[in-house]
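Novice: The residues making up each chain are set out below.
2 protein chains.
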Amino acid sequence: MTNPACFPLTAGSVQDAAARIAPYIHVTPVLRTRALDAVSGAVLHFKAEHLQRVGAFKFRGACNAVFALSKAQAARGVVTHSSGNHGAALALAAQLRGIPCHVVVPEGAVAAKLAAIAHYGAQLHRCAPTIAAREAMCAQLQVQTGATAIHPYTHPHVIAGQGTAALELLTAQPKLEALVVPLGGGGLAAGTALALQALAPQCPLYLAEPAGAADGARSFARGQLDHDFIPDTVCDGLRGTLGAVNFDILRAAQAQVLTVEDAQTMAALRLLWTRTKQLVEPSSATVLAAVLANPALFEGRKVGLVLSGGNVDLDALPALLALAA
Amino acid sequence: MTNPACFPLTAGSVQDAAARIAPYIHVTPVLRTRALDAVSGAVLHFKAEHLQRVGAFKFRGACNAVFALSKAQAARGVVTHSSGNHGAALALAAQLRGIPCHVVVPEGAVAAKLAAIAHYGAQLHRCAPTIAAREAMCAQLQVQTGATAIHPYTHPHVIAGQGTAALELLTAQPKLEALVVPLGGGGLAAGTALALQALAPQCPLYLAEPAGAADGARSFARGQLDHDFIPDTVCDGLRGTLGAVNFDILRAAQAQVLTVEDAQTMAALRLLWTRTKQLVEPSSATVLAAVLANPALFEGRKVGLVLSGGNVDLDALPALLALAA
Numbered sequence: 384m385t386n387p388a389c390f391p392l393t394a395g396s397v398q399d400a401a402a403r404i405a406p407y408i409h410v411t412p413v414l415r416t417r418a419l420d421a422v423s424g425a426v427l428h429f430k431a432e433h434l435q436r437v438g439a440f441k442f443r444g445a446c447n448a449v450f451a452l453s454k455a456q457a458a459r460g461v462v463t464h465s466s467g468n469h470g471a472a473l474a475l476a477a478q479l480r481g482i483p484c485h486v487v488v489p490e491g492a493v494a495a496k497l498a499a500i501a502h503y504g505a506q507l508h509r510c511a512p513t514i515a516a517r518e519a520m521c522a523q524l525q526v527q528t529g530a531t532a533i534h535p536y537t538h539p540h541v542i543a544g545q546g547t548a549a550l551e552l553l554t555a556q557p558k559l560e561a562l563v564v565p566l567g568g569g570g571l572a573a574g575t576a577l578a579l580q581a582l583a584p585q586c587p588l589y590l591a592e593p594a595g596a597a598d599g600a601r602s603f604a605r606g607q608l609d610h611d612f613i614p615d616t617v618c619d620g621l622r623g624t625l626g627a628v629n630f631d632i633l634r635a636a637q638a639q640v641l642t643v644e645d646a647q648t649m650a651a652l653r654l655l656w657t658r659t660k661q662l663v664e665p666s667s668a669t670v671l672a673a674v675l676a677n678p679a680l681f682e683g684r685k686v687g688l689v690l691s692g693g694n695v696d697l698d699a700l701p702a703l704l705a706l707a708a
Numbered sequence: 384m385t386n387p388a389c390f391p392l393t394a395g396s397v398q399d400a401a402a403r404i405a406p407y408i409h410v411t412p413v414l415r416t417r418a419l420d421a422v423s424g425a426v427l428h429f430k431a432e433h434l435q436r437v438g439a440f441k442f443r444g445a446c447n448a449v450f451a452l453s454k455a456q457a458a459r460g461v462v463t464h465s466s467g468n469h470g471a472a473l474a475l476a477a478q479l480r481g482i483p484c485h486v487v488v489p490e491g492a493v494a495a496k497l498a499a500i501a502h503y504g505a506q507l508h509r510c511a512p513t514i515a516a517r518e519a520m521c522a523q524l525q526v527q528t529g530a531t532a533i534h535p536y537t538h539p540h541v542i543a544g545q546g547t548a549a550l551e552l553l554t555a556q557p558k559l560e561a562l563v564v565p566l567g568g569g570g571l572a573a574g575t576a577l578a579l580q581a582l583a584p585q586c587p588l589y590l591a592e593p594a595g596a597a598d599g600a601r602s603f604a605r606g607q608l609d610h611d612f613i614p615d616t617v618c619d620g621l622r623g624t625l626g627a628v629n630f631d632i633l634r635a636a637q638a639q640v641l642t643v644e645d646a647q648t649m650a651a652l653r654l655l656w657t658r659t660k661q662l663v664e665p666s667s668a669t670v671l672a673a674v675l676a677n678p679a680l681f682e683g684r685k686v687g688l689v690l691s692g693g694n695v696d697l698d699a700l701p702a703l704l705a706l707a708a
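Residue numbers (our numbering), protein chains in the order written: chain X, 384 to 708; chain Z, 384 to 708.
Treat the hints loosely; a few may be bogus.
[Stated by the list, open to error] What the simulated footprint calls covered on chain Z by chain X, stretch by stretch (three residues with Cβ under 8 Å from a Cβ of chain X suffice, anywhere in the stretch; the number is not a length):
id, segment
1, 538–550
2, 654–666
3, 695–703
[To be verified] Estimated spans, in silico, between C-beta atoms of each pair:
id, chain 1, residue 1, chain 2, residue 2, range
4, X, A646, Z, R605, 46 to 56 Å
5, X, V422, Z, P412, 17 to 27 Å
6, Z, P406, X, P512, 22 to 32 Å
7, Z, Q523, X, D615, 30 to 40 Å
Worth flagging that the hints you see were computed from the coordinates, not collected in a lab. These numbers come from a predicted model, not from an experiment. No residue lacks a Cβ here, since even glycine has one placed at the ideal position from N, Cα and C.
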C-alpha cells in the first residue's frame, strides 16, 4: 500500500480528524479506580477505547480515512489487510459512508474478530499469514476494483485519527504527567505523539510493547527499523511491525519503549478484569503492566493509559487464564 | 437474625436510604448498546451495579443498614452471614464508619469474594454450608460481641438500600415500560418494588430466577413460601431462599417471576461480555436471559435491567465458558 500525499502530519492533523469523525465515534469515558491506584502508587486515568465502536480505538483512524476520501474515490470502495480490529473498524466506517469494503485477513486470525468484520458488511478475502501475501492480495484487489488501500497503521489519516483518543483524554485531564499506550504497528503511538505535541508537549510518552514482538524496542536501540523477528505474544493486536513513518514520528517525539513479558501483561489483565470489571483484551493490559514494572517512572504521578480494545476471543480465554494463574 | 422494628417499609424508606448513603456510594451509569437492542428487539437500559463499590448493588443495602445504626449500636459492630457480595459490602460499610465487622462464610464460598471481605478489614468466621449452621454462628457472635446482625436480604434497611439502584435508574429513565431484576433472597427485588411504587407504579416488575433455584417461582405459584429445594445453578449470587418479608412486598407489587435455565443465562452472559465489554457475573445475566426468552413481554418496549454484580471468580471461568459453548 502507498500513502496519499498529505504529509507532513502535524498536531493540526489530529484536530482536523477529531472534527471529521465527531458525528460517528463515541467519546469514550476516562475510568478511575481506587484499587489500581493503590497497587501502582500512581494516579491512573484509563481511556476506555474498548468502549469505542467496534470495541477498539481503531475505529477512529478508519473513520477518519474513509470520510477524508473524495466522493469519486469513496464510490470505488476501500481495501485493507488486518488481523482483526482495523478490518472491523474499516468495515463499519465504510458501511456508515455507504461504500464497498474489502478486507484481506490472514489464516489463523481470531474468530470473533472475523465475525465482526463480516457483521459490518465487508467482503472477507483470506490469505496466507505473511505480510507479503497480504500485500499481494491487497494490490490485486486494488487493481480489480479501484478501491483505495487504507493501511492499518501507516496511512496518515489513520495515524491522525488514532491520535484523537489522546486528544480527548488530554482535554478531559489536562495535567497528565505521563501517557502510556501500547505499541504494535505504531498507528496509535504516532497519533498520540502528535496529540501530545498539540496539548501537552512536556508530557512524556511511553510505549508498552510485548517482549515477544519487541521490534520497536530494538529499532529504537539501533536507531533504525529492525523487523527481523517472528512475533510470539498473547497480544494479538500487537504483532504487527513498526511502520517507518510511525518510527520517525515517535523518535521525533522522544518516546520511550517499555517492554513487558506476557506473564506481566496477563497479571495486569487479571487486575483490570477484577478491579475495573472491564473485559479488555490482552493488548490493552500492556500499559498497566508497563506502569507496574517501572515504579520509578510512574509512582506519585498522574498517568494516562489507553485501553486499546476489548475484543476478547472467549474460546481462547481458558488458555489465556492458565498463562496468568 | 431478627429485624429491627422499622416496618412498615414504604417507598419513602427507599428515598430515605438514598439520602443516607449518597456520600458513600457510586451513582452507577446506565449502559446502552445497539447490538443488544438488535438481538432483543427491545430498548435496553442496563443499570451497571457491577461498577458499584465492592462490585455489586449489595453495598447500597449494607451501607444503609450500617449508617442507620445509633452511635451506641454501631460501636459494638455488625455481623452477618453471606456467600460473598453482602459480606464484602458490609465489611466496607463498617470500615467507612470505623466499626468492627464479623462475617460468617460457608465452606466452599467463592475465593475471590472471601478475599474481598478480608481486604475490607472484616473478621471471617467459617462454618458449614447450611443456613442452620450460619444462623447459629451468627447468633453466637451476637452474644459474644454485642454486634448487630445485618441479614443479607430481609433486614428492612438492607431492602430499602437495595431499592436505591432502581430509584436512580427510574430518575435517569422515567418512562421505562418494564423493569427486570434478578431474584435470589429478594432484597434487590423487594427494594425495587418499593422504588417503583414511588416513581413508576404502572411499570411492571419482572424477577429473573434461575430454574435451579426456583423457590420464588414455586412460592408465587403456591401463594406461600416454598423453601423445599437444593440450589443447583451457576448463579452463585442467587442460591439464597426467598425471605418472607420480601415475598410479601413482591406479592403486593404483583411482580412476576420468569425462570431461566443456566444455559440461557450463560448465553446471555456471553452476549453481555462480548457486546458491552463489561465483566458481569453470571447472576447479572439472568435479566437479559429472561428478556430474550420472553419476547412477547418485552419486544418494542423500553426496558430497565439491573446488572447486579461483577465479582467473577476467574479460576472458575473456564468451566463456566464450557457450559456456555
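Novice: Holds or violated: the segment 695–703 of chain Z covered by chain X, criterion of 3 or more residues with Cβ-Cβ distance under 8 Å?
Specialist: Coverage by chain X holds here, the residue count being 5 at a Cβ distance below 8 Å.
Novice: Taking the Cβ atom of V422(X) and the Cβ atom of P412(Z), is their distance within the range 17 to 27 Å?
Specialist: holds, 24 Å
Novice: Given a hinted range of 22 to 32 Å, is it respected by the beta-carbon distance of P406(Z) and P512(X)?
Specialist: violated, 55 Å
Novice: Please count how many residues of the segment 654–666 of chain Z have a CB within 8 Å of a CB from chain X and say whether that reaches 3.
Specialist: holds (count 6)
Novice: Verify the coverage statement for the segment 538–550 of chain Z against chain X, using a C-beta to C-beta distance below 8 Å and requiring 3 or more qualifying residues.
Specialist: As far as the segment 538–550 of chain Z goes, the hint is violated, because 0 residues have Cβ atoms under 8 Å from chain X.
Novice: Is 46 to 56 Å a correct range for the gap between the Cβ atoms of A646(X) and R605(Z)?
Specialist: holds, 54 Å
Novice: Given the range 30 to 40 Å, decide if the beta-carbon distance of Q523(Z) to D615(X) lies inside it.
Specialist: violated, 56 Å
The structure is inconsistent with the numbered hints 1, 6 and 7, although it conforms to all the rest.
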